[in-house]
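Quick mapping for you: the protein sequence lines, in order, are chains L and X.
Start counting at 1 in the first sequence, then tack on 21, and there's your number in the working numbering.
Start counting at 1 in the second sequence, then tack on 12, and there's your number in the working numbering.
Hint data in this document are derived by calculation from the structure and do not stem from the laboratory.
As the structure is a prediction and not an experimental result, all values here were calculated from the model.
Treat the hints with care, since some could be wrong.
Unchecked claim - In silico SDA-like pairs for lysine to any residue, Cα to Cα no more than 25 Å straight-line: (1) L:79 with X:471; (2) X:284 with X:348; (3) L:79 with L:36; (4) L:25 with X:478; (5) X:450 with X:393; (6) L:27 with X:291; (7) L:27 with X:356; (8) L:90 with X:187; (9) X:450 with X:501; (10) X:241 with X:227; (11) L:152 with X:187; (12) X:334 with L:135; (13) X:334 with L:34; (14) L:79 with X:291; (15) L:182 with X:27; (16) L:27 with L:145; (17) X:199 with X:182; (18) L:25 with X:303; (19) X:334 with L:49; (20) L:168 with L:136; (21) L:182 with X:20; (22) L:168 with L:144; (23) X:284 with L:152; (24) L:131 with X:27; (25) L:152 with X:23; (26) X:241 with X:459; (27) X:252 with X:302; (28) L:182 with X:299; (29) X:200 with X:20; (30) L:49 with L:168.
Said to hold, decoys possible - Computed far set for chain X versus chain L, every beta-carbon distance over 10 Å: (31) 70; (32) 241; (33) 476.
Think of the CB as a built atom: it goes at the ideal place given N, C-alpha and C, for glycine as much as any other residue.
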Amino acid sequence: MSYKEKGYITPEELEKLGLLPPRERLEKGPVVIAECPEEIPCNICVHVCPFKAIRMDKIYEIPRIDWDKCIGCGVCVPQCPGQALFVVDLSKPGQALITLPYEFLPRPEKGMWVTLLNRRGEPVGEGVIVKAWQHDRTWAVTVSVPKDKWLEVRAIWIPEK
Amino acid sequence: MVLPDYRIYEHPILDFKRGRRVKFYYRDKVIEAYEGESILAALYAVGYRVFNRSPKLGLPRGAYCMIGKCSSCLSVVDGVPNTRICVEPVREGIHVEPQEGLADIRRARRQENVETIRVETDLLVVGGGPAGLKAALVAAEHGADVVLVNDHFVLGGQLVKQTHKFFGSRDYFGGTRGFRIAEMLSKKIKEYNNIRVYTNGFAYGYFKGGVVGVAVHGEHPLNLLVKAKTVIAAPGAAEKGLDFEGNYLPGVMGAGGAQTLMNQYGVRPGDKAVVIGSGNVGLIIAYQLLQAGVKVEALAEILPRIGGWFVHAAKIRRLGVKILTRHSIVRAIGTERVEKAVLQAYDEHFHPIPGTEKEFGVDLVLISIGLQPDTKFFAQAGAVMKWVPEAGGLVPIRTWGQETSVENLFVAGDASGIEEATTAFIEGEIAALSALLKLGIGGKEVEERRGKLIDFLWNEYRMAPVVRRAREGKLKVTVSEEEMEKIRIGEYT
Ligand SMILES: Cc1cc2nc3c(=O)[nH]c(=O)nc-3n(C[C@H](O)[C@H](O)[C@H](O)COP(=O)(O)OP(=O)(O)OC[C@H]3O[C@@H](n4cnc5c(N)ncnc54)[C@H](O)[C@@H]3O)c2cc1C
Ligand code: SF4
Ligand code: SF4
Ligand code: FES
Chain L
22 MSYKEKGYIT
32 PEELEKLGLL
42 PPRERLEKGP
52 VVIAECPEEI
62 PCNICVHVCP
72 FKAIRMDKIY
82 EIPRIDWDKC
92 IGCGVCVPQC
102 PGQALFVVDL
112 SKPGQALITL
122 PYEFLPRPEK
132 GMWVTLLNRR
142 GEPVGEGVIV
152 KAWQHDRTWA
162 VTVSVPKDKW
172 LEVRAIWIPE
182 K
Chain X
13 MVLPDYRIYE
23 HPILDFKRGR
33 RVKFYYRDKV
43 IEAYEGESIL
53 AALYAVGYRV
63 FNRSPKLGLP
73 RGAYCMIGKC
83 SSCLSVVDGV
93 PNTRICVEPV
103 REGIHVEPQE
113 GLADIRRARR
123 QENVETIRVE
133 TDLLVVGGGP
143 AGLKAALVAA
153 EHGADVVLVN
163 DHFVLGGQLV
173 KQTHKFFGSR
183 DYFGGTRGFR
193 IAEMLSKKIK
203 EYNNIRVYTN
213 GFAYGYFKGG
223 VVGVAVHGEH
233 PLNLLVKAKT
243 VIAAPGAAEK
253 GLDFEGNYLP
263 GVMGAGGAQT
273 LMNQYGVRPG
283 DKAVVIGSGN
293 VGLIIAYQLL
303 QAGVKVEALA
313 EILPRIGGWF
323 VHAAKIRRLG
333 VKILTRHSIV
343 RAIGTERVEK
353 AVLQAYDEHF
363 HPIPGTEKEF
373 GVDLVLISIG
383 LQPDTKFFAQ
393 AGAVMKWVPE
403 AGGLVPIRTW
413 GQETSVENLF
423 VAGDASGIEE
433 ATTAFIEGEI
443 AALSALLKLG
453 IGGKEVEERR
463 GKLIDFLWNE
473 YRMAPVVRRA
483 REGKLKVTVS
493 EEEMEKIRIG
503 EYT
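Just chain X, with the same shape it has in the complex (with noise of 0.2 Å):
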């Protein structure tokens, strides 16, 4: 049997240099693949869209995040189970299994004799996007010694699928495309013999006397305890979830996930889309989905207005594709995947209004309806947090210098409330410099240097009218040093 190819070959944008050719056993299948795909991509590749069921009901279950961050690709690799396949390489001879509801931990091979090593550091970044990336250069700029830990097995976050120029201060890569920020940020860390750095390395717990352990997962499983003088946490968002009939279908996905497999991976995520949410992702993705050869029916957006720049909704307006205010998704039709969504229009009080269902023949029904951030390190660090709807929900209150509650843990980026990248590289930088300070490196010139960013920050990039909300809510949960003590000791209201 021939499987299907969603593999692009040519694209206006990015060139897809694949790596050495690489097999794999899917149940009893050989599945062929590229180095550098993860395995999710590489099975996504040749039309595989079931990779797990739901425990009770056996309902299927797809990519849906694409960043390991849903649990929607549990899957069995060589006897581990529970691996986010989305965020694991493909490797020659690994046999992957389909999990089927809950795993049984007794078939479980291989945890026994991962190896438990110990390091030192001055300073360890949890998260390599743009904010953690920035943090450990602007560190190991100063001579501070860096560990940088990384859950996805590339360097990079988010902006490995941004294929478009970006915005901003030309001082923070403006006008660069975000995939090539990313490959020169990633070049320069290996450039300095300070930071070492691993991958596939997800940061599991902060322990007491600032230890914190990372399960390195992979061909050479390994348990890390970083012993961290200080801690610059980064580790990104994760796409909210829609409620709807049908929303469990594999084809319905997280925006982000089907841009992760096109541009990142070079996968076709399907043939015929809509996006729900006019927020900039929303609209972004539209476009990049055209240049991949993805046909976009419609975009709705439940609010009178669209939520992005407009520039950017201009951009796929005079592509033909429409925007339609005031609607959104009610229904996701299909048996193992989705064959049909439906959109309806919505009144000023958020009900849909009857008979005004629109039916689309479509295989992708995308969710760009916003960011959460990420923030389970920091919760179990037991910082003390907030919730600010502005910031996307539940964030850690930190001082000017991006200090949580627990001493020496930092936050930055998305992580910190959802912003963008620039804001990311500014926080990773401004938290580089405070834990520089703690560090006694640096001393005038870092303080100085930290001052002038901040006043950039907040009083200039933040007053934009287009990002004044992200600025209020982040105002809600940043407090001086004095307040931070106050919290610290449990006095503050």
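Okay, chain L solo, but in the shape it has when bound (with noise of 0.2 Å):
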């Protein structure tokens, strides 16, 4: 089953469709993924990436990233309308950092706990915010997760209190 039928795109498919920075790049500093498989059309992040790191030629090509370009800074994040961006930072030791997309209550704050999701919703683990700030009421989260979840955590759950 692709990613068509079931709502979910798994890494293996990122991998094949060549949306997956190298490991060496992925350990460098952060970087942004785009899981924006399917030619729609919309060219958005190309626009509002200050360093022109995003390509596409015609409105409905699939974006591409320039590794060396991208320095990871999450303009792109919160004003995706696919919210298909996530940036992942993996040069520090033991936790990786993600800032994804976040529309939802409660608000989002440095130092909360939340649960950690993965692409099929499922509740992978706990993480803490280190960064919050927002666009147009999207807010781009970054937390810190364990770092063997780089791949699997797409989205955050905060617990009402």
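Combine the two chains into a complex, taking the hints into account.
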């Protein structure tokens, strides 16, 4: 079954489509991953990246990241209407940092413990918010997660108090 | 007795700035509401779910479309029967009565003294959604005199309920939330004193000499007769219904209807939902239900693949919403409203597979199996139409410049075939430029701009694989000026 049947994409599919950055690049510092595998008419990310790190010729092509130009700033994360952009940083020991979009209540705050969810919405552990900022009401939340979960965690859920 | 309260007070995206408090009567009860709410939204907010009964069997009728298209909510407002309370704003002191079956016209009051007024204009725009708003703005920018009529009391069409950030080109508001686009455009419309706006104005008929009759409903009813040199009609679309046992029960609703309640009025449509259909509308609304605090138990899709864009599906999947492909609804159960929904697996021939029923305790069954162009206006005007499944049904044949077989009547947006807001903007703009050419305004600059837009729309934007089918549908009903001339004299097959 492909992602169009399941509603989630697998790391193998991402790899095959050439959407995953090389391991050496990931270990150097933050970099974006675009989980946007389908040719849809959208080019928001191309326009919002201040470093011109995303390429696309025709509006419906899939976004291609220039891993050397992308500095992992996360500016594109809350602006992507498909919520398909995630910044991953594997440069720190022990923990991976993931910056992902979040549009729910309660509001995320630095230091909060959150439930980590995989692409199927299953809880896969807990993480702590290290940074959270907003763009037009969408949060870009950076969470610290166990390092081996960097390719799994794609959402958070903040339990109500 | 304390009435329940379904109003949403805290939302991750929206701030519900409610208007002045208003009191009105429903039957003999006093209902408190806020200015800016529709009557139905205000009643729904305090727990009412049944608004009408079917004429013969007396079966309950609830909210369905919430945009004035389905007649499920017909009620008597201040003595006026057949009032669609989903698009009628609350007003201080009005008396609202449910309508049991057909209304008795002898008891109707107030319709004799409706004033008729006549206005003339260069361009009449019917419908204030993305297509109509863009058309009105482009024409006004070039100095044309414009009248804009919109059935709903709020301008913006479907945009007003869209809280997600738009896709598409940045040139056409990509990256901006739909309701903000509606706010921006409505504000711009007001800045032009060559645009006269009638909200609450329903275009009911097209007459000889380019005269359009508009019923302005509400507090000051009016029969507006607009004599227009050109008309652009962009009345949008209606959600399709689905045939299954119990589909009449209140709680079975168009997904867009639920979206209107929660995002436009800040009223939570229910507690738990199943969504039927995995097109973009279903996927987006499932996500917005979660944002409004409604639990989504499942989303069913009868085909083996998700219909909408993958990124929309991924958003709800990663929050744990089950997407059941090869599934659909077979039954809604309840007495006066939905209490349970039964979904079932389907084989490749679309037959239900016995023994695969799954029961969900839900109060909402949201149908999003597609939209159907609203082409009543064109049919009545005598425009030649064609049945095109890829476009959502019957649509008027038009030229590349959006003109129908009725000269000087143009079509734009969902009414011309279902697509999305970006194409609605572009079609609205093309139609306006064509109308300007007819009016002799603009000349070469207008012609060039139109040429470029048509080229972008057909040769770039619509070439995206996910929208190719819509492109093919529209190709079937788009003809050259010469071909249209033949159609007009009945020589085209
Ligand atoms: C849930 C949902 C999500 C969507 N998401 C996106 C998206 O992400 N990106 C995107 O590009 N598009 C999206 N769309 C599609 C987009 O909203 C529609 O294609 C677009 O609104 C169509 O515009 P329109 O102007 O043709 O019609 P509408 O927006 O439907 O406006 C029609 C207007 O005409 C008025 N009217 C109707 N009949 C009459 C009459 N007889 N007289 C006077 N007035 C009349 C109505 O009151 C209404 O205000 C979405 C649609 C839905 C339902
Ligand atoms: S993370 Fe920053 S640099 Fe990288 S693509 Fe996004 S906006 Fe550009
Ligand atoms: S902005 Fe998001 S949805 Fe649009 S092309 Fe870029 S990654 Fe895909
Ligand atoms: S006409 Fe009012 S709910 Fe459809």
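What are the numbers of the hints the structure violates, in ascending order?
-> 19, 23, 29, 33
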